[in-house]
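Sequences and hints are given; from them, build the entire structure.
Protein chains in written order, with my numbering: chain A, 63 to 354; chain B, 480 to 862.
If you're looking for bench data, these hints aren't it; they were derived computationally from the structure.
No farther apart than 20 Å at their CA atoms in a straight line, the calculated lysine to aspartate or glutamate pairs in the EDC-like style are these:
(1) B:K691 <-> A:E89
(2) A:K354 <-> B:E530
(3) B:K731 <-> B:E619
(4) B:K482 <-> A:E351
(5) A:K340 <-> B:E530
(6) B:K482 <-> A:E344
(7) B:K807 <-> B:E835
(8) A:K121 <-> B:E685
(9) A:K353 <-> B:E530
(10) A:K332 <-> A:E263
(11) A:K347 <-> B:E522
(12) B:K482 <-> B:E530
(13) B:K785 <-> B:E835
(14) A:K345 <-> B:E530
(15) A:K340 <-> B:E522
(16) B:K679 <-> A:D120
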Amino acid sequence: MSHKMTRGKKPLLPQELHPMDQWLRSERMPHIWCAGCGIGPTLYAWVRALDTVGIDKDKVVYVSGIGCCGRGSGYLDVDGFHTTHGRAIPFATGIKLVKPDLCVNVISGDGDIFSIGGNHFIHACRRNVDLLVICTNNFIYGMTGGQLAATTPIGDYSTTTPYGNIEPPFNTPYLADASGAVYVARWTSIHVRLLEKSIAEALRMKGFRYIEVLSPCPVNYGRRNRLREVDDIAKWFWQSSVIRHGADTREVQIEKGKPIILGNFVKREKLSYYGELKKLEEKVKRAAEAKK
Amino acid sequence: MGKTVLTGKHFWYGNIAIAEGAIAAGCRFFGGYPITPASEIAEHISKRFPEIGGIFVQFEDELASMAAILGASWAGAKSMTATSGPGLSLMMENLGLGVMMEVPTVVVNIQRGGPSTGLPTLTAQGDVMQAKWGSHGPYEIIALSPDSPQEAFDLTIRCFNLAEKYRVPVILLASETVGHSAGKVIVPPENEIELIDRKKPTVPPEEYLPYKPDEDLIPPMAYAGEGYAICTTGLTHNEKGYPDVSAETQEKLVRRLNDKIRKHMEEIVDVEEENMEDAKIAVVSYGQVSRPVKRAVKMAREDGIKVGSIKLITIWPFAENVIRKWAKQVELFIVPELNYGQIYLEVKREVAGNSETVLVPRMGGKLITPQEIYREIKKVSKK
Ligand SMILES: Cc1ncc(C[n+]2csc(CCOP(=O)(O)OP(=O)(O)O)c2C)c(N)n1
Ligand code: SF4
Numbered sequence: 063m064s065h066k067m068t069r070g071k072k073p074l075l076p077q078e079l080h081p082m083d084q085w086l087r088s089e090r091m092p093h094i095w096c097a098g099c100g101i102g103p104t105l106y107a108w109v110r111a112l113d114t115v116g117i118d119k120d121k122v123v124y125v126s127g128i129g130c131c132g133r134g135s136g137y138l139d140v141d142g143f144h145t146t147h148g149r150a151i152p153f154a155t156g157i158k159l160v161k162p163d164l165c166v167n168v169i170s171g172d173g174d175i176f177s178i179g180g181n182h183f184i185h186a187c188r189r190n191v192d193l194l195v196i197c198t199n200n201f202i203y204g205m206t207g208g209q210l211a212a213t214t215p216i217g218d219y220s221t222t223t224p225y226g227n228i229e230p231p232f233n234t235p236y237l238a239d240a241s242g243a244v245y246v247a248r249w250t251s252i253h254v255r256l257l258e259k260s261i262a263e264a265l266r267m268k269g270f271r272y273i274e275v276l277s278p279c280p281v282n283y284g285r286r287n288r289l290r291e292v293d294d295i296a297k298w299f300w301q302s303s304v305i306r307h308g309a310d311t312r313e314v315q316i317e318k319g320k321p322i323i324l325g326n327f328v329k330r331e332k333l334s335y336y337g338e339l340k341k342l343e344e345k346v347k348r349a350a351e352a353k354k
Numbered sequence: 480m481g482k483t484v485l486t487g488k489h490f491w492y493g494n495i496a497i498a499e500g501a502i503a504a505g506c507r508f509f510g511g512y513p514i515t516p517a518s519e520i521a522e523h524i525s526k527r528f529p530e531i532g533g534i535f536v537q538f539e540d541e542l543a544s545m546a547a548i549l550g551a552s553w554a555g556a557k558s559m560t561a562t563s564g565p566g567l568s569l570m571m572e573n574l575g576l577g578v579m580m581e582v583p584t585v586v587v588n589i590q591r592g593g594p595s596t597g598l599p600t601l602t603a604q605g606d607v608m609q610a611k612w613g614s615h616g617p618y619e620i621i622a623l624s625p626d627s628p629q630e631a632f633d634l635t636i637r638c639f640n641l642a643e644k645y646r647v648p649v650i651l652l653a654s655e656t657v658g659h660s661a662g663k664v665i666v667p668p669e670n671e672i673e674l675i676d677r678k679k680p681t682v683p684p685e686e687y688l689p690y691k692p693d694e695d696l697i698p699p700m701a702y703a704g705e706g707y708a709i710c711t712t713g714l715t716h717n718e719k720g721y722p723d724v725s726a727e728t729q730e731k732l733v734r735r736l737n738d739k740i741r742k743h744m745e746e747i748v749d750v751e752e753e754n755m756e757d758a759k760i761a762v763v764s765y766g767q768v769s770r771p772v773k774r775a776v777k778m779a780r781e782d783g784i785k786v787g788s789i790k791l792i793t794i795w796p797f798a799e800n801v802i803r804k805w806a807k808q809v810e811l812f813i814v815p816e817l818n819y820g821q822i823y824l825e826v827k828r829e830v831a832g833n834s835e836t837v838l839v840p841r842m843g844g845k846l847i848t849p850q851e852i853y854r855e856i857k858k859v860s861k862k
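As structure tokens, then:
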């Protein structure tokens, strides 16, 4: 099945295709992700949500940075931009502001979005740029072999914290909330249905929307942190998670041995950056006309 | 709507001329971060864009600015940023991405003294080599250097045209004394400004390969949202835009990225030659230094010295054929620069021992005077 056959509006043969295959560049399979990785299920939830909301595939833009998760933009049959480490958000901002009718999404790893790209994240929240940002947080740098991330829980092991991590991690929903995002949620890649619903809800909104997806990395995180089996992290997520919609984001920090709070935390209305830009243009135009 | 092209005669600072040149070239997206001595470009554009429907964003840093102008270009806008040395250093990351993804865009560098924070308010030409290879990997770039507000206006338009034609980030390598000096700028009528737009695909989406070049080595460019399912990456990629990290694909892709510039040198390279017909001495200069050179050559000619001037308007790719040609006649090349010898190295390499090459360096901070260059001409003419 070549991806070209799925382009355009040709009917698909149900017996040959999984309903989601039309979103895939099938000729690029197999993908690089390991067994048990949470990135694939996250993307599955995303495309299902796009389908549910009924967004035209030709209008979907997928921007990613660098990392295991960053590779996703090359696997889906939409406009895909695999950019530089940390810079997916400003790159996507450029696209969205020029073509406001497009559905622009950033899907990338926690190192990408919160370490090297942290500054862009908070400023895009503050500006309320019209983007959906999904971060697959696997608590580690997957692509480069398991180094410390800005999301690694205290005490955890990585290849650069061989004696255990001493740095407190970011509480990313709180960061997004405090910086001005209009939608903030946290799910895990195990909670595919709820994640899909949350993404669909976010897709229907405007402004800066952020969803953190806790995502197993059995290979580079689990193995070093007593979550050795492929589904150990999934089990941890399943057993420890508590759904609390509207939770105060100050209280959702992830700590080992404590419940993981999931849910749709923040939903607020605010004119998006593009909306403000257009308002400004109007103001300038009116002032110019008054002068005449 | 406000007027886009301000046809007429103006008295503008170089930085304003650059901003207006960009607007006249069709630039409608600007992403930047304030820095002396380039800020006036952003300030002027922030005032003009809301009048003409352009999008101006002051980003959180130059990393974001550079990334955003690439994104904007992929969405179909002509885009630009403007900075100075410290900012250019940060932009190098995504300038490389622009080279690899083949994104038309323009980066203005109003040079100031370096290294590091250096001389924020004073002039220099220290970023010539950084403009060429400041980002990692083997690539070719186009950079132009203006010597006056009028040339700043004209060359900004040319930067956009070259960027669009060759699908590359193009650098306008100006400097503080050009950005901050005022001069007469004539803006032609809109219909007399020749503009080039990037090639668009002529095939339907199912036949489109985003990195399959035409004979001119340049692939047509689809925009985001047009149904072409663009796949693009900073990784080494094949014609489909898919990552393919093999030596063979690297060879093919990177060779083409270089060749699409190298094989069009004749079209890209622009120099101004004066008094060269019988010259035994040639002064090679660029940007602001060309102005004192002009005076110095005139003074020396009055003394009967056979000296001419070669002004490089295109800095990169280097005008190697021009230097090689004149090296057959000229016995000595003088290269005055506001650095410790950057273009001098290029000249010397092309002269290849056929003539002598003399550097007149200044580390920046102030211009070289006509008298200083004249004295140098006098000195070498006695050899
Ligand atoms: C500027 C730069 N620095 C470092 C790297 C190396 N690098 C590649 S991916 C990565 C981290 C990936 O971690 P994350 O963003 O969490 O994504 P994951 O692989 O876990 O999905 C790093 C440091 C790079 N590509 N670019
Ligand atoms: S290393 Fe981790 S994040 Fe990367 S593909 Fe494997 S499981 Fe996923």
